[in-house]
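Chains as they are written, first to last, in my numbering: chain D, 1 to 294; chain S, 1001 to 1467.
Errors might be hidden in some of the hints.
[To be verified] In silico BS3-like cross-links for lysine-lysine, where the CA-CA straight-line distance does not exceed 27 angstroms:
#1 S:Lys1431 to D:Lys209
#2 S:Lys1452 to S:Lys1442
#3 D:Lys262 to S:Lys1453
#4 S:Lys1431 to S:Lys1017
#5 S:Lys1453 to S:Lys1463
#6 D:Lys262 to D:Lys209
[To be verified] Partial list, computed: chain S residues near chain D (C-beta under 7 angstroms):
#7 Pro1013
#8 Pro1015
#9 Gln1016
#10 Pro1343
#11 Cys1379
[Stated by the list, open to error] Stretch by stretch, here's where chain S covers chain D in the computed footprint (C-beta under 8 angstroms, at least three residues):
#12 2 to 9
#13 12 to 19
#14 267 to 280
Honestly, the hints are just simulated from the structure, not real lab data.
Since the structure is predicted, the reported quantities are computational estimates derived from the model, not experimental observations.
Every residue gets a Cβ at the ideal spot worked out from N, C-alpha and C, and that includes glycine.
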Amino acid sequence: MNLVLSSSPHLRDNASTPRIMGDVLIALAPALLASALLFGLRPLAVAAVAVAFAVGSEYLFRRLVRRSNTIGDLSAAVTGLLLALNLPPTIPLWIAALGSVVAIVIVKQFFGGIGQNFVNPALAARVVLAISFPVAMTRWDRTPGLLSAFGIGEADVVTGPTLLEQMRQGAQGEVSLLSLFLGLDKGGCIGEISVAALLLGAAWLVFRKVIPLWTPLSYLAVVGLFTLAAGRDPLVHLMSGGLVIGAFFMATDYATVPLTWKGQLLFGLGCGLITSLIRLFGGMARACPSRSCS
Amino acid sequence: MAFRRPFPGGAHPDPQKRTLDAATLRLDPPAAARLLVPMAMHLGAPARPLVAKGARVLVGQPIGAADRPMSAWVHSPVSGTVTAIRRILQSSGAFADAVEIASDGLGEVDPSVRPPDVVDRASFVAAIAASGLVGLGGASFPTHIKLSPPPDKAPDCLVINAAECEPYITSDYRACLEEPDAIADGILQVLRYMDIPRAVIGIEDNKPRAAAALANALKAAAAREADSACRAAAEAAEIRILPTLYPQGAEKMLVHACTGRTIPTGGLPHDVRVMVLNVSTVGFISHYLATGMPLVRRRLTLDGDLAVGPGNYDVPVGLMIADLLALTGGTRGEPEKILMGGPMMGVALDRPDTPVIKANNAILVLSGAVAALPAETACIRCARCVQACPMRLLPTAIDAAARLEDADLLEPTNPLDCIECGCCSYVCPAKRHLVQSIRLGKTILRTAQARKKAEDGRRRAAKEVRP
C-alpha cells in the first residue's frame, strides 16, 4: 500500500488564486460594459489588446526564463484589464499593448511574479505611459457610445479638460450628481467613467470576500472629510477622477497592502491624505488613480 | 446560544459527521492476532517495558512502567503471550519500544485489576497515575500530571472539552450519548478530590442531543451526591453552548470561551487557574474508579470515503489499524491516505501496520480524490491566513522566514505561539503548506535559540576562567 505522507491539515477549502482573480475580472466587467455604452466599442478593443498583451508577455517571459507557466492564475489578465480601464478610450492600441508589457515584464516578473511586485503593475505602467506619451494619455474625448443613438451621453466630441481639471482651474460649472454617478457626460478613463458600475463590481468583491473594506472605506472617508473641510462638494470629489476605482480596485491590491486590518485601515488613511493633498494643492487634478495615491 | 465570534479567525471546514448516529460497537481482535503496544503513547518520557519475550500477560497487567516524572503506565490490552519487544519508528519521527503481544482470544483479566482505594486527593491522583490515563482528546498529556498543578496555581474552574470541532470525529459525541452518567460521575469525582468549586462543559451548538444528555446526567448525579460542597459544584455546573467554529476545541480557545480567561504565551491552563479535561477522559475516570480496569481500550471513530464500515468502535489499544480495517469490512479500493486523528490536525500514517494508541480518537481512510493536496503556488498576500489565525499570527510571514531558514527573521513572527490548528493552510487560495512551514520554522528557531544559549554559556565560562 502506497500511502501519501503529508503534514496536517489534510483538507483544503475551495478558494484558489484563479477563483479570486476570476472574481476581480467579473467585478471589473460592469465598468467596461458601461464604458462601451458611453464611449462606443473602442474601450472593448483597448481592453482586448491590453489583456492579450499582458497574458502573452507573461507566458513568453516565463518561458524565456524557464519558470512555471502562471497565466492560468488569471492575474495577468486582471493586470491587463486594470490597465485598460486606466487609459483614455482614444489611446492608440499599440500604447496599450506597450503598457501591458511594461506592467507584466518590468513591474511584475522582474520582481518575482505574482505577490512579489512592490507596486501595482497596472498603475506603474500607467505612470510610465503618462510620462512617455503625455498627449495621448490626456485626451478625454467623448466618442459616441452605444447609447448615443438614444440621445444618452451624447457629449460633444471635443478634447476637453476633465471635470476635476476644470474645478482646479477655478470653474464652478453646474454638475449633476446623478450624471456623475452614472457617468453620463464626463470625460475620463475607460474604467472610471461610471461610479455606479464600479460600485456594482465592488459589491461583488465584498460579497465574495475578495477584498476587506478597511482600506477603501478609510480612503474614501478621508477624501470626503478633506474636501468638505476645504469647502468643496465631497460628493463631487468622491465620484470624480477615478477615486472609486482607486479605492476599491487599486488600493486593495493584495501585493501592496498590509496584511492586518489595522494596517489596511492606516493604509487607506494615507491614500486618502495624499489624494486629497494632490487634488487640493498639487499639479495633477486627478491624483487617483496613480501610484502617488499609495 | 452564543453567536458572538468566540475567538479571532477560525475556519468552517465541512463537518462531515456522518457517524453521529453510529452507536459504538465493541471490537475484539481475533485469536492469534498480534497487537503492538508502544511504550510512548503520551507526552513525556516513554514507559520502560516490564515484560520479556515469551511472558504470558493478562488484560490490565502493567507492561510498561512510568518510572520518570513525566510519563504514563502502559497495560496489556489482551491476554496472550509477548512475542517481541521491538523498536518502532513512530509517526512523531522518534523511535520507541513497543511490546508485541499475540492475543489468545480469552480476554483473561489480570488479578491486579480491582477498584482502587481512593479516599483523598493523593490517593486519587496516585490511582489515576496507575491507570495509565492520558488526555483522550488527542493531546495525550498524562492526566495525573494535569491533576498535580503547582500549589500556587490550584484551579478554581474545571473545563470539560466536549467541543469535538474536528471534521468526521464523533467519538466524544457518542460518549456523551452512551455514557452520560459516567461522564457526570467523573466530573464530580474530579471536583470532589481536586476541590474545584466550579465546572463548565464546552460543547458546540451542532450537538444539542449530547448537551441535553450531559445536562440531565449532571442533574441526576448532583441529586445523588452526599457531600454538600460537591453537590453545590455539580448543581452549578454549566453547559456552555459554543458556536460551531473550528478550532473551538483547542485548549486556549475553549478556556477563553468557557471562562473568559486567556492562557498566556507558552503557558498552561493552570496559569489561569483552570483545569481542562476531555469529556472521554472524565468518563474513563469514573469507570476506572468503579472497576480498576486501566486504560487498555478506547472509543474511536472510523471514517473516510474508503472505509467500508464507518462508525464508532470500542477497540483495544495496540490493535493494528490493518486489523481494525479488516474487522470492519476492509476498504473500498486502495487508500491513498490513512489518518490518525481528524483531517485538520491528524497525522498521516506511513503504513497500516500501525497500532491504535491511547489518544487515538479517529482513523480516517481516504482516497486520492479526498486526500490529494493541490500543488503549491506563490503567495498572493491576500491575508486570508491572517484573518483565519485564531492566535493572531501572520502565517504567511512565518512561512516566508521559515523558507529562508532565517532565525532572526523568524523570531519576531512568534512561530512558537502557533497551535498548528491548520486554519491558515485550509483557507490559503495559493494552497501553501503553511503549517508544515511553520513547524519547520519552530525547529529552526528553537535550534538557533539553543545554540545561542550554549554560546552565551561558553562565553561566560571563558570569562570566568580568565578574569
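Hints, one by one, checked against the model:
{"no.": "1", "hint": "S:Lys1431 to D:Lys209", "result": "17 angstroms, holds"}
{"no.": "2", "hint": "S:Lys1452 to S:Lys1442", "result": "15 angstroms, holds"}
{"no.": "3", "hint": "D:Lys262 to S:Lys1453", "result": "35 angstroms, violated"}
{"no.": "4", "hint": "S:Lys1431 to S:Lys1017", "result": "25 angstroms, holds"}
{"no.": "5", "hint": "S:Lys1453 to S:Lys1463", "result": "15 angstroms, holds"}
{"no.": "6", "hint": "D:Lys262 to D:Lys209", "result": "18 angstroms, holds"}
{"no.": "7", "hint": "Pro1013", "result": "5 angstroms, holds"}
{"no.": "8", "hint": "Pro1015", "result": "11 angstroms, violated"}
{"no.": "9", "hint": "Gln1016", "result": "9 angstroms, violated"}
{"no.": "10", "hint": "Pro1343", "result": "4 angstroms, holds"}
{"no.": "11", "hint": "Cys1379", "result": "5 angstroms, holds"}
{"no.": "12", "hint": "2 to 9", "result": "holds (count 8)"}
{"no.": "13", "hint": "12 to 19", "result": "holds (count 6)"}
{"no.": "14", "hint": "267 to 280", "result": "violated (count 0)"}
Consistency with the previously given hints fails for numbers 3, 8, 9, 14, ordered from lowest to highest.
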